[in-house]
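Protein chains in written order, with my numbering: chain W, 18 to 515; chain R, 186 to 257.
These aren't lab readings, by the way, just hints derived from the structure by calculation.
No incorrect hints appear here.
Far from chain R, by Cβ distances over 10 Å, these chain W residues were calculated: (1) Asn33; (2) Arg39; (3) Leu119; (4) Leu122; (5) Ala363; (6) Thr366; (7) Thr396; (8) Ser478.
The list that follows gives simulated cross-link-like pairs (lysine-lysine, BS3-like), each with its CA atoms no further than 30 Å apart: (9) Lys210/W <-> Lys406/W; (10) Lys483/W <-> Lys406/W; (11) Lys337/W <-> Lys506/W; (12) Lys249/W <-> Lys40/W; (13) Lys215/R <-> Lys406/W; (14) Lys512/W <-> Lys40/W; (15) Lys215/R <-> Lys300/W; (16) Lys337/W <-> Lys267/W; (17) Lys215/R <-> Lys483/W; (18) Lys512/W <-> Lys256/W; (19) Lys337/W <-> Lys251/R; (20) Lys512/W <-> Lys267/W; (21) Lys300/W <-> Lys406/W; (22) Lys190/R <-> Lys267/W; (23) Lys511/W <-> Lys40/W; (24) Lys512/W <-> Lys190/R; (25) Lys512/W <-> Lys249/W; (26) Lys300/W <-> Lys378/W; (27) Lys300/W <-> Lys416/W; (28) Lys506/W <-> Lys251/R; (29) Lys483/W <-> Lys379/W; (30) Lys40/W <-> Lys337/W; (31) Lys251/R <-> Lys511/W; (32) Lys251/R <-> Lys190/R; (33) Lys267/W <-> Lys251/R; (34) Lys506/W <-> Lys190/R; (35) Lys511/W <-> Lys256/W; (36) Lys511/W <-> Lys190/R; (37) Lys506/W <-> Lys256/W; (38) Lys267/W <-> Lys511/W; (39) Lys378/W <-> Lys483/W; (40) Lys378/W <-> Lys210/W.
The beta carbon of each residue, even a glycine, is placed where N, CA and C say it ideally should be.
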Amino acid sequence: MQPATPVSPPSTNYDNNAVDKRKLWRVITASSVGTVIEWYDFYIFGSLAIILSEQFFPPGNPTAAFLSTLATFGAGFVARPFGAVVFGRLGDRIGRKYTFLLTLLLMGGSTFAIALIPGYAVIGTLAPALLVTLRIVQGLALGGEYGGAATYVAEHAPDNQRGRYTSYIQTTATVGLLVSIGVILGCQAWLGKTVFADWGWRLPFALSGILVVVSYFIRRNMDESPLFAELKQQGTLSKSPLRESFSDPKNLRLMLIAMFGAIVGQGALWHTAQFYSPIFVTKILNVEFVTANQLVAVALLLATPFYVIFGALSDRLGRKAVMMTGLLLAVIGYYPIYHGMDSVVAAGTLTSQSVQNVDGKKIETLQYDNGKVVTNTTTVAAGGQSTVKSEVQPATATKFWLIALIFIQVLFATMAYGPIAAFLVELFPTKIRYTSLSIPYHFANGVFGGCSPFVATWLASMTGSKFAGIYYPMGLAALTFVVGMVFLKETKGKKLRD
Amino acid sequence: MNSIKRLFGLLWIALGLYVGYDRIVDSVSKIGSENLENRIFGWVVLLVLTPLITGGLCLFGYYAFKGEYDER
Numbered sequence: 018m019q020p021a022t023p024v025s026p027p028s029t030n031y032d033n034n035a036v037d038k039r040k041l042w043r044v045i046t047a048s049s050v051g052t053v054i055e056w057y058d059f060y061i062f063g064s065l066a067i068i069l070s071e072q073f074f075p076p077g078n079p080t081a082a083f084l085s086t087l088a089t090f091g092a093g094f095v096a097r098p099f100g101a102v103v104f105g106r107l108g109d110r111i112g113r114k115y116t117f118l119l120t121l122l123l124m125g126g127s128t129f130a131i132a133l134i135p136g137y138a139v140i141g142t143l144a145p146a147l148l149v150t151l152r153i154v155q156g157l158a159l160g161g162e163y164g165g166a167a168t169y170v171a172e173h174a175p176d177n178q179r180g181r182y183t184s185y186i187q188t189t190a191t192v193g194l195l196v197s198i199g200v201i202l203g204c205q206a207w208l209g210k211t212v213f214a215d216w217g218w219r220l221p222f223a224l225s226g227i228l229v230v231v232s233y234f235i236r237r238n239m240d241e242s243p244l245f246a247e248l249k250q251q252g253t254l255s256k257s258p259l260r261e262s263f264s265d266p267k268n269l270r271l272m273l274i275a276m277f278g279a280i281v282g283q284g285a286l287w288h289t290a291q292f293y294s295p296i297f298v299t300k301i302l303n304v305e306f307v308t309a310n311q312l313v314a315v316a317l318l319l320a321t322p323f324y325v326i327f328g329a330l331s332d333r334l335g336r337k338a339v340m341m342t343g344l345l346l347a348v349i350g351y352y353p354i355y356h357g358m359d360s361v362v363a364a365g366t367l368t369s370q371s372v373q374n375v376d377g378k379k380i381e382t383l384q385y386d387n388g389k390v391v392t393n394t395t396t397v398a399a400g401g402q403s404t405v406k407s408e409v410q411p412a413t414a415t416k417f418w419l420i421a422l423i424f425i426q427v428l429f430a431t432m433a434y435g436p437i438a439a440f441l442v443e444l445f446p447t448k449i450r451y452t453s454l455s456i457p458y459h460f461a462n463g464v465f466g467g468c469s470p471f472v473a474t475w476l477a478s479m480t481g482s483k484f485a486g487i488y489y490p491m492g493l494a495a496l497t498f499v500v501g502m503v504f505l506k507e508t509k510g511k512k513l514r515d
Numbered sequence: 186m187n188s189i190k191r192l193f194g195l196l197w198i199a200l201g202l203y204v205g206y207d208r209i210v211d212s213v214s215k216i217g218s219e220n221l222e223n224r225i226f227g228w229v230v231l232l233v234l235t236p237l238i239t240g241g242l243c244l245f246g247y248y249a250f251k252g253e254y255d256e257r
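Same shape as in the complex, but just chain R (with noise of 0.2 Å):
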């Protein structure tokens, strides 16, 4: 088990480095567009959402690739 947990450790640093880059790739084309609510939308995705997802998932992964939630 405490393997397994480390190898999802990886995959939760992959989800969150891969969400990170989808976020910012959307956020800036809704940042670019006409829409007013768009471009909110994308300030508001790109500056508080997307550091805090991805920085969320990437610190999980991290301590669970480190073995801190291994049963001991």
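This is chain W alone, in the form it adopts within the complex (with noise of 0.2 Å):
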């Protein structure tokens, strides 16, 4: 039943063809300079989980174990897809603008709560609950952010350049990513690691809360977006959006063939790329850990402008060519890429070897004619087993040659990720455009994407294969390759009025 609002013509008469480039861009930085703070709070709770545990969690208490664990995992698989569901139908019901307002302020505001919660010596296991809690928000604002951000944007662009306007919003996660990342080298490098260890991790926590503040007036002075007014004009909102995107079996087909068709594939690359390649390179191939993130870092830098490239793109060829090319690349691609990155860290001949004793530590340095060093550590624990620890530093030549082969795994998952907001949007209809585009999209990135690390490290070990990891998102993106070239209908270019 509709409301009883008399259906009058919109009075704002917008044409988002006609749309002011000034105002467009406005709505662009605003979306996504709010996006970004977020990723970068979600992340930096990742980036410092060691750091944490020691603050909050008492060793070798199961109960801490558990809450860590549920820190972890719960606020990517199950808080985000519920943030989703949450925010999605309020961002339907009462606003997409004031719906990711809400989601900043509660991510910001938890983020720098977590600056100021006392430590495990001081209030308890009082202090593990808080954080959970605090982490568990962090991944329910996060879940009804993206949607918001890319509803808002496209719902503003012109039909002809959607693609290329939402790709600033696909950037933002790899940005987050590569800001929490310098925040948190910036911080130990000027205070210390020990400092940072004991207090100086609170830093980047609590600058969230002053970028949290400027994002928020940045966005509070934005206009809600046009499509969105002109439905409450009339009067043709979503009563139950939740009900609607589950109940009409034309949007939940819709739900299922995104899910399948496009997001999963797209979430295990963007994780792999991202996330599994550093564990393949510090893990598998022992390259020393800062070197390796430094490389990682570039090749994100590098190759983050392709997420509006790929994005354009696909406004001239289509979303769904783009989004398969890059599927289908990686899919063929995956293996040669990370046989090569195994190939040019071995490369070397070994020229020299020096054996020393360092404080009961038998320390073995390997230097190659290529500049490679290789240090491999015995330790003998008290019971007489030894272990034995390799660290790479690779040679220059092969720190190129890493950088080429992550770029060219990113590169993939920009073709796959650049257009998704642009199609998710032009899937569903505007009434419930928040609700139906967020679940997908959260519960496929994080329950598949998310995994995707977790699992190819777990294929790795269990198998003892350099490379079974990567099956694991080369048969996810296949998957989603099939389902997508079979059934995916292409929306380059649709017009987003109901």
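Mind assembling these two chains? They're in different frames, but the hints should get you there.
Printed below as a string of structure tokens:
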């Protein structure tokens, strides 16, 4: 049943194809800056997980281990899709602008609060309980943010350039990750590792409070989405977006096809390129941790503009063509890429070898003709068992190769991810768009995508094969490619008015 | 193309059932593990992820098999 408000022609008469470019850029900036901050907030928790566990969880306590695991997995798997349900509904009921203002404040408030919680040594078990609660709030807020930002930008953008303009939202997760790494490394360098581990880790969380206030004032002055305003004025808003999203078989079919025909593979590629590639380089190829992360950061930085390039290309070639090409190239290219990473790190001829004993540890240093240095540290435990830890400092040429090979992986991810906001927005009707877009996006990205680094690492350790881990994202990408090619319809240029 | 879509529908249902079976067997073994993290992970997979993945794939397959995605 429709609301009792009389239906009248919209007074806004908004024509998105004749949009003022300055206004459009203000919309994109306000949306993107807030979304970058939300991703920044989400990632600093993950990046500082070890320090947080030392500060907030007592060692050797099973309840603490439970809470720690819950904080890590719960926010991504459960809270994010649940946030999509809660805030998607709000976005379709009260408006895009107010909802993503709310998610911004929730995310910023919870992140800032983490900076203020006393540690376990001061308030005991209340400390981990508060931390987990705030982490869950972070996950909820993130689940509501993306759909709002993508919908808000898309509903302002011209039909023939929607891929280009929404792709700026697609860059935000990578930029947020890079900013979080930069802030953490900057604070560590400024304060020193000991002070940072003691209290300095609170600074990146506190910084979020300032960033959120700035972003809040930018967003607060923006207008509501014109298409939502029209529906509101006509009195044709959905009364129950969640029920309509699931009870209308046509919409449910679209949500399923969006998930299995686009988002599952995209999520797997994006998470593998950004999170599994550094795990592979550090844990499997034993490249020194800081060096490996620097190489990944450079590759991410170089690849980020391609979200926009492929988003814009999808306005010409079609969303489906660009996304499916990215998936197919990943299925074909992942094995040679990971094999290549292994080969370039292994390259070199041994020229000298030395052994030292330092503090009861045997340190073997191997020098190679290409400049590579491998350090094998053997530690003998009290029971007589010895463990060997290898660390590779790669040659300069190897570093360039690694950057190039990681860059190519991210490039495939940008092809699959760049056009997806425009595609999802075009797939669903305005009155339930926020809900219908957010649920499959966060479910598939949280569950299939977010799991990719864990499953890939687990596969590699279970099978003992260096390359077993990549079969999981390759399999998901292949499945999505087949579903997408057979079932997806092109949406490029579609008018967004219902 | 419509016949292919319907055949794929059966494939998605089969895949959903296989993934469901595989995940249930795996998570039951994890739930019985000594390691607390494995036990938690097992419960999350069994109660949250498996129903959603299996349900999603089977529903998608059912719609495809019924011809709901056919070109008309």
